[in-house]
Amino acid sequence: MRRLLAPAATAGLVAAPWLLDSYAISLASRILVLGLLAMSVNLLTGVTGLPTLGQAAYFGVGAYAAALVARAWTQIGVLHLAIAMVVAAAVAAVTGVVAVRARGVVFLMLTLAIGELTYSAALQWDTVTGGSDGRATPAVTPFWGLPAVTRDGHVYLWILAAFLALFAVVAAVVRSPFGLALKGVRDNEARLRADGYPVTRYLLVAYAVAGGLAGAAGALWVSLQRFVSPSDLGFQVSAMALIAVVLGGLGSMWGAVAGTALVVIARDYLGGKLTGELSGRGSLLLGLVFVAAVYLLPRGLAGLSRLSRRAPS
Amino acid sequence: MIGWFDAHAVSMVDGVAFGLLYFTLAVGLSLVFGMMDVLNLAHGTLYLAGAYVAYLLSDGGWTGLLIGLGAGIAVGLAGGALLAALTQPLAHRGHLDQALLTLGLSIIGAEIFLVSSGGETLATDPPAALRGSVQVAGHTYPSYRLVFIGIAGMLALAVYLAFERSALGALVRATVADRDMVRVLGVDTRRVLFGVFAAGSVLAVVGGVLGAPILGPSPGIDGHVLVLSLVVIVIGGLGSVRGALLGALLVGEVDTLGRAIAPSYAAFLLFGAMFVVLAVRPRGLVAV
Chain A
1 MRRLLAPAAT
11 AGLVAAPWLL
21 DSYAISLASR
31 ILVLGLLAMS
41 VNLLTGVTGL
51 PTLGQAAYFG
61 VGAYAAALVA
71 RAWTQIGVLH
81 LAIAMVVAAA
91 VAAVTGVVAV
101 RARGVVFLML
111 TLAIGELTYS
121 AALQWDTVTG
131 GSDGRATPAV
141 TPFWGLPAVT
151 RDGHVYLWIL
161 AAFLALFAVV
171 AAVVRSPFGL
181 ALKGVRDNEA
191 RLRADGYPVT
201 RYLLVAYAVA
211 GGLAGAAGAL
221 WVSLQRFVSP
231 SDLGFQVSAM
241 ALIAVVLGGL
251 GSMWGAVAGT
261 ALVVIARDYL
271 GGKLTGELSG
281 RGSLLLGLVF
291 VAAVYLLPRG
301 LAGLSRLSRR
311 APS
Chain B
1 MIGWFDAHAV
11 SMVDGVAFGL
21 LYFTLAVGLS
31 LVFGMMDVLN
41 LAHGTLYLAG
51 AYVAYLLSDG
61 GWTGLLIGLG
71 AGIAVGLAGG
81 ALLAALTQPL
91 AHRGHLDQAL
101 LTLGLSIIGA
111 EIFLVSSGGE
121 TLATDPPAAL
131 RGSVQVAGHT
141 YPSYRLVFIG
151 IAGMLALAVY
161 LAFERSALGA
171 LVRATVADRD
181 MVRVLGVDTR
191 RVLFGVFAAG
201 SVLAVVGGVL
211 GAPILGPSPG
221 IDGHVLVLSL
231 VVIVIGGLGS
241 VRGALLGALL
251 VGEVDTLGRA
261 IAPSYAAFLL
271 FGAMFVVLAV
281 RPRGLVAV
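Read top to bottom, the protein sequences are chains A and B.
Residue 81 in the numbering used here is what sits at position 81 of the first sequence, and the numbering runs on without skipping anything.
Residue 72 in the numbering used here is what sits at position 72 of the second sequence, and the numbering runs on without skipping anything.
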């Protein structure tokens, strides 16, 4: 039964444009893109045990890289994705040198500083980023020979294809010996060091990989919004991604995406249904979801499946 | 050099005022974290609550301010007790669950404020007698800021003395250093936690009541002061009153002078300073 779950979910995601209206589809696109960002946070926070508040920085680096490429050179989506990944991973590798020496709350604060510095840079460096006005981009062409995607359903399918490919890669990385070593750092760093693992180097690679993944999400964000501005890489974005990971259940990749879905649906969809005094107060629902989740879902959404596995069916 | 100091004297005095303001917030945040590992992201909401109380009760006279202070202390006690009671069951579950809970509470608080304020900055006037400005050594200072520095400075001194010199302060310091040992000695550390949580919350709310004319209630102010006080305690060192004071004054000066000298780069200066301090001294300036 459980084995059928992943193919069924994939089939449902692929069929979505023919089943849902245009608003729901753009909501789903947003969930997939921010879900990738949450997965990159999860790679650091859930798998490796380093809580981060700075992933929006690399998300933003990827988004601006994609936007600049789109304006100056080409509309080909896979190129945006590849360039954004490489640039964001490179920036992460450089900034990570200082960050990966820290642990726990100090790591959290260093990444917060990286996030805030990047936000200010995006705001100030207006010859490149357009400052607070941001940068608009033309519609993206996913692959050579395909038409530019302008309809919500087509944009969604391009994002879904990239999402599924990246999800498979991340799942493989987590299961690889490298991923197991990262879990080892989380559970018993001293033991790993004693066994001769170059822990700092492993963490730096993990930080760069997570940065690259966040950068890929940034490129897809530009495909979706056709616009990027500093508010796309603010503190709020990092905080929401971290919270989505905690909501989903630390360490679980599908949990990170499910947590993102919960956050986006509560804030954007259900929040849009509020009327009267509370209209437009979607964040209020989000706050209530957080408080309820802490007490009702101690292991996050991923903990639910663990529960059902244990219960006799 | 002297000319430079003279030119920026007003900014530097402002920096002290903001530094002391951040101290009233950071000290509670720092001690609660140092003692029980509770990362309270709703701390900025306490400031917002205090500033809003001051806005509602200010009537241009001294009575309004005094009633505001009384109400602020009550709000702080209630808020601190509520936060301590809510986070207590999560004590064994790590920081991220507490972050999730307190972030949720702070979002709820911010939204309630948005609904009741209409999303505007609520200008809060100090008592009429302090509305003007005074001349000191050729510079014009707003009177309220000088009075604020005096009151907040005394508050900081009182907290420092209570923490470093009194028997109760010794108990708190011991609990920060080794909670289990204090418990073995027969002290109910939960009561110490509740006390520190309540005292820290009262300080944050009172900071809001007094700080409202300087940094008034507006949307997003809770997040602003929270991030700045997190920077303060990380620079100063977790669980230390001296560190919080040192960090707060440093952050106040860097932020205010930065805004005055290079307004576009103020954020770079602040977070750059934090980055450098952490890279060189990962446990903060005053490590416990």
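For the record, the hints were derived by calculation from the structure and aren't laboratory data.
Mixed in with the good hints there might be a few duds.
Derived Cβ-Cβ restraints for the label pairs, each shown as a range [claimed, not checked]:
{"no.": "1", "chain 1": "B", "residue 1": "Ile261", "chain 2": "A", "residue 2": "Asp133", "range": "33 to 39 Å"}
{"no.": "2", "chain 1": "B", "residue 1": "Gly132", "chain 2": "A", "residue 2": "Val98", "range": "45 to 51 Å"}
{"no.": "3", "chain 1": "B", "residue 1": "Leu77", "chain 2": "A", "residue 2": "Leu20", "range": "47 to 53 Å"}
{"no.": "4", "chain 1": "A", "residue 1": "Leu20", "chain 2": "B", "residue 2": "Gly61", "range": "57 to 63 Å"}
{"no.": "5", "chain 1": "A", "residue 1": "Asp133", "chain 2": "B", "residue 2": "Gly61", "range": "41 to 47 Å"}
A short list of chain B residues far from chain A (calculated; beta carbon distances all over 10 Å) [claimed, not checked]:
{"no.": "6", "residue": "Leu39"}
{"no.": "7", "residue": "Ala110"}
{"no.": "8", "residue": "Glu111"}
A few chain A residues that face chain B, going by a derived Cβ cut-off under 7 Å, partial list only [said to hold, decoys possible]:
{"no.": "9", "residue": "Ala102"}
{"no.": "10", "residue": "Val106"}
{"no.": "11", "residue": "Glu116"}
{"no.": "12", "residue": "Leu117"}
{"no.": "13", "residue": "Leu180"}
{"no.": "14", "residue": "Gln225"}
{"no.": "15", "residue": "Val246"}
{"no.": "16", "residue": "Leu286"}
From a predicted model like this one, the values you see are computed outputs, not experimental measurements.
Backbone N, C-alpha and C define an ideal beta-carbon position, used for all residues, glycine too.
Legend entry - Hints violated by the structure (numbers, ascending): 1, 6, 7, 8, 13 and 14
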